[in-house]
Amino acid sequence: MTDQELRVSKIENGTVIDHIPGSQALNVLAILGIDGTGGETVSIGMNVPSDRLGRKDVVKVEDRELSQSEVDVLSLIAPAATINIIRGFEVVEKHRVERPDEVTGVLSCSNKHCITTEDEPVDSRFEVLDDGVRCVYCDSITREDIAGELLMAATNG
Amino acid sequence: MRHDHITSAKQLSRADIEGVLDRASEIAADPSAYADRHEGALLGLLFFEPSTRTKMSFTAAMKRLGGDIVDMGPVDSSSVKKGESLADTVRVVEGYADALVMRHPSEGSAQMASEFIDVPLINAGDGAGQHPTQTLLDLYTIRENAGLDDLTIGIMGDLKYGRTVHSLAYALTNFETRQHFISPESLQLPRNVRYDLHEQGSSIKEHTELDGILPSLDVLYVTRIQQERFPEESEYRKVAGEYQIDADTLAAAKESLTVMHPLPRVDEIAHDVDDTSYASYFEQAHNGVPVRMALLDALLGGDQ
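Protein chains in written order, with our numbering: chain S, 105 to 261; chain X, 58 to 361.
It should be emphasised that the hints constitute simulated quantities derived from the structure, not laboratory data.
A portion of the hints provided could be inaccurate.
Claimed, not checked - Pairs of lysine to aspartate or glutamate residues, derived as DMTMM-like cross-links and limited to a Cα-Cα distance of at most 20 Å, are as follows:
| id | chain 1 | residue 1 | chain 2 | residue 2 |
| --- | --- | --- | --- | --- |
| 1 | X | K138 | S | E222 |
| 2 | X | K139 | S | E224 |
| 3 | X | K139 | S | E231 |
| 4 | X | K67 | S | E231 |
| 5 | X | K139 | S | E194 |
| 6 | S | K114 | S | E194 |
| 7 | X | K295 | X | E340 |
Generate the whole structure from the sequences, applying the supplied hints.
Next up, the structure:
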């Protein structure tokens with residue numbers, strides 16, 4: 105780890121999400137549904153200098169190992185993110201987020217006339233495009249403010 | 058055709074389209090041969106929005122195949138008014154009919170509804186989304202009048218919210234067509250339709266005026282510009298007025314031009330066009346019956 109990363113102390117067990125674009129850490133937590141009510145210890149580094157990203161955010165979640173499917177949705181707002189699984193202060197697994205072909209239930213559709221925005225027993229579903237996402241139901245394409253749509257879905261939960 | 062549901066023109070291949078149109082031609086040539094074909098079959102109609110042509114032509118089509126309809130009736134007098142979800146409504150109604158036809162104001166409603174039921178569902182319009190059976194009758198009319206290959210078509214009016222336009226533009230990418238889109242800048246094709254046309258390898262030629270492109274067209278497909286799309290009535294009047302045609306406008310067109318409109322029209326095609334050889338919009342509306350008969354026949358097992 106670099107000196108910069110050491111601004112947030114090492115964790116014994118859990119998950120470190122690194123290389124998040126600067127100022128997106130809170131969005132990352134919201135998407136993962138981590139709001140502190142689960143009792144887990146969460147540390148956040150925001151706008152840490154980074155060679156690769158200029159400024160990056162780092163999130164450390166103690167005593168929780170995030171699965172690949174949980175973190176893949178982060179690829180929509182943090183495509184360069186790396187996931188480190190920590191046990192006994194050591195990195196035991198390190199992988200990148202992968203862009204899934206489809207995401208279910210984690211985004212809300214930006215089209216306010218889409219059936220998935222109504223009170224129907226259906227999860228939102230999106231095809232992941234190179235430069236955005238496309239609603240499987242109404243066909244509309246969202247390219248801007250995907251983080252906002254993610255957050256809305258997380259809030260509506 | 059091997060589809061359980063018809064929710065979007067995007068699912069129709071060239072072979073699917075030609076299969077339905079060929080069958081529709083056979084039906085139009087000899088309707089009596091199909092009169093008892095689906096005797097006893099019931100078509101459920103769920104129109105959550107008003108409809109005249111689509112609903113009546115589906116009713117006529119089903120009855121002319123020997124079947125009958127069960128109609129949910131207006132939303133005001135249905136359990137939707139009591140707050141029933143669409144998913145529940147279609148799961149109940151599928152028990153009453155052999156196939157369902159649905160129009161709903163929300164985009165994606167047909168796709169969602171189809172995931173809850175086993176009987177075939179036909180999308181008769183989902184908000185500004187898709188209207189695939191209108192597309193099939195449009196294609197039938199184009200084929201009868203101008204042919205579907207080596208075709209130059211102009212699609213004019215509200216291209217942003219017009220679901221008939223979205224379905225038609227996609228379906229035409231199955232054929233050798235040159236598509237020109239004529240509209241005010243504020244009502245150009247939406248992002249998802251542009252994306253699909255690009256993916257299909259079609260170039261999008263956009264115009265804000267009809268004049269320059271009119272002489273090259275084989276088909277002019279006109280749609281209504283709706284006042285509610287504009288914040289100010291004065292702006293609507295100004296814009297809509299630029300996309301109206303009359304017999305004088307068409308003096309510059311090819312003699313063989315076919316003018317189409319999904320109807321209802323307001324004033325975008327003047328009545329003096331009705332008596333010209335260009336006007337095909339009433340024929341187009343009539344074609345809804347044999348085309349919907351052909352589609353229902355395919356979905357109800359007519360191929361077997």
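Now for the hints, and whether the structure bears them out:
1. A C-alpha spacing of about 15 Å is found between K138/X and E222/S, which places the hinted pair at or below 20 Å, so the restraint holds.
2. With a C-alpha separation of about 14 Å, the suggested pairing of K139/X with E224/S holds against the 20 Å cut-off.
3. Straight-line distance between C-alpha atoms of K139/X and E231/S comes to about 34 Å, which puts the hinted pair past the 20 Å bound.
4. Using a Cα cut-off of 20 Å, the hinted pair K67/X and E231/S holds, with the two alpha carbons roughly 15 Å apart.
5. The straight-line distance between the Cα atoms of K139/X and E194/S is roughly 58 Å, outside the 20 Å bound, and the hint therefore fails.
6. Pair hint K114/S plus E194/S holds up; C-alpha atoms about 9 Å apart against a cutoff of 20 Å.
7. Annotation: proposed proximity of K295/X to E340/X is violated, straight-line Cα distance about 30 Å (limit 20 Å).
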